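Heads up: the protein sequence lines correspond to chains A and B, in order.
Here the first sequence stands for residues 874 to 988, where the numbers follow the working numbering.
Here the second sequence stands for residues 2 to 116, where the numbers follow the working numbering.
These are calculated hints, taken from the structure and not from any lab test.
This structure is a prediction, so every number in the text was calculated from the model and none was measured.
A hint or two may mislead.
Cross-link-like lysine-lysine pairs, in silico, DSBU-like; alpha carbons within 30 Å at most [to be verified]:
hint: 1; chain 1: B; residue 1: Lys72; chain 2: A; residue 2: Lys922
hint: 2; chain 1: B; residue 1: Lys20; chain 2: A; residue 2: Lys922
hint: 3; chain 1: B; residue 1: Lys37; chain 2: A; residue 2: Lys931
hint: 4; chain 1: B; residue 1: Lys42; chain 2: A; residue 2: Lys922
hint: 5; chain 1: B; residue 1: Lys37; chain 2: A; residue 2: Lys950
hint: 6; chain 1: A; residue 1: Lys931; chain 2: B; residue 2: Lys41
hint: 7; chain 1: A; residue 1: Lys922; chain 2: B; residue 2: Lys41
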Amino acid sequence: AQSVAQPEDQVNVAEGNPLTVKCTYSVSGNPYLFWYVQYPNRGLQFLLKYITGDNLVKGSYGFEAEFNKSQTSFHLKKPSALVSDSALYFCAVRPGAGGSYIPTFGRGTSLIVHP
Amino acid sequence: DTAVSQTPKYLVTQMGNDKSIKCEQNLGHDTMYWYKQDSKKFLKIMFSYNNKELIINETVPNRFSPKSPDKAHLNLHINSLELGDSAVYFCASSLGRVRTDTEAFFGQGTRLTVV
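Between the sequences and the hints, there should be enough to build the whole structure, so can you do that?
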């Protein structure tokens with residue numbers, strides 16, 4: 874069975890500083906990995922995904938994520954945080970071939986960017 | 002032009018009542034989902050519906066039932082509502098089995114409060 878761990882319930886960072894939101898996964902075979910963001914009282918919005926190819930993927934709003942197969946991680950990063958980045962971030966995984974097509978989500982990490 | 006729309010956005014009802022939440026997607030996706038987000042923001046898959054195939058999370062009480070009149074709609078019916086059913090319910094859609102490398106699109110959520 875596939876699973877996702879987001880080890881931090883909350884990440885605090887000052888505006889202008891780099892941010893990292895951590896995600897590790899477990900899945901059979903190659904993974905398809907996704908990051909979503911949820912602003913207050915809104916649904917989840919897709920940010921970026923890793924399917925294959927370059928381990929560093931770039932997404933919306935200046936976010937990027939690095940796929941590390943040996944560490945089974947897919948951490949979300951941004952070089953310079955904005956207050957408006959404050960939201961709830963979810964990592965999700967599906968097996969790349971075969972298995973369930975239903976994505977499994979992590980528990981979410983609340984990102985708080987301080988002015 | 003909303004991709005995945007849910008109605009109502011807020012629903013307050015008494016214990017024991019029966020209620021429905023509607024969901025429609027205009028993306029031409031073949032798979033739709035219902036997720037429950039609890040007070041700790043944890044996202045739990047409830048149902049997945051793909052080409053008349055229903056996959057049910059075994060932990061979901063049978064008071065909950067999805068109904069799909071056509072590929073663009075997946076409504077959620079809840080019978081005999083209980084206090085513990087209070088949560089935010091999200092509808093989502095994707096290309097499911099056809100393209101597992103694609104992201105899901107979420108509705109804005111329905112906040113259900115049972116009193």
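### Task
Taking the numbered hints from earlier one at a time, note which ones the structure violates and give those numbers from smallest to largest.
Per hint list: single violation, 2.
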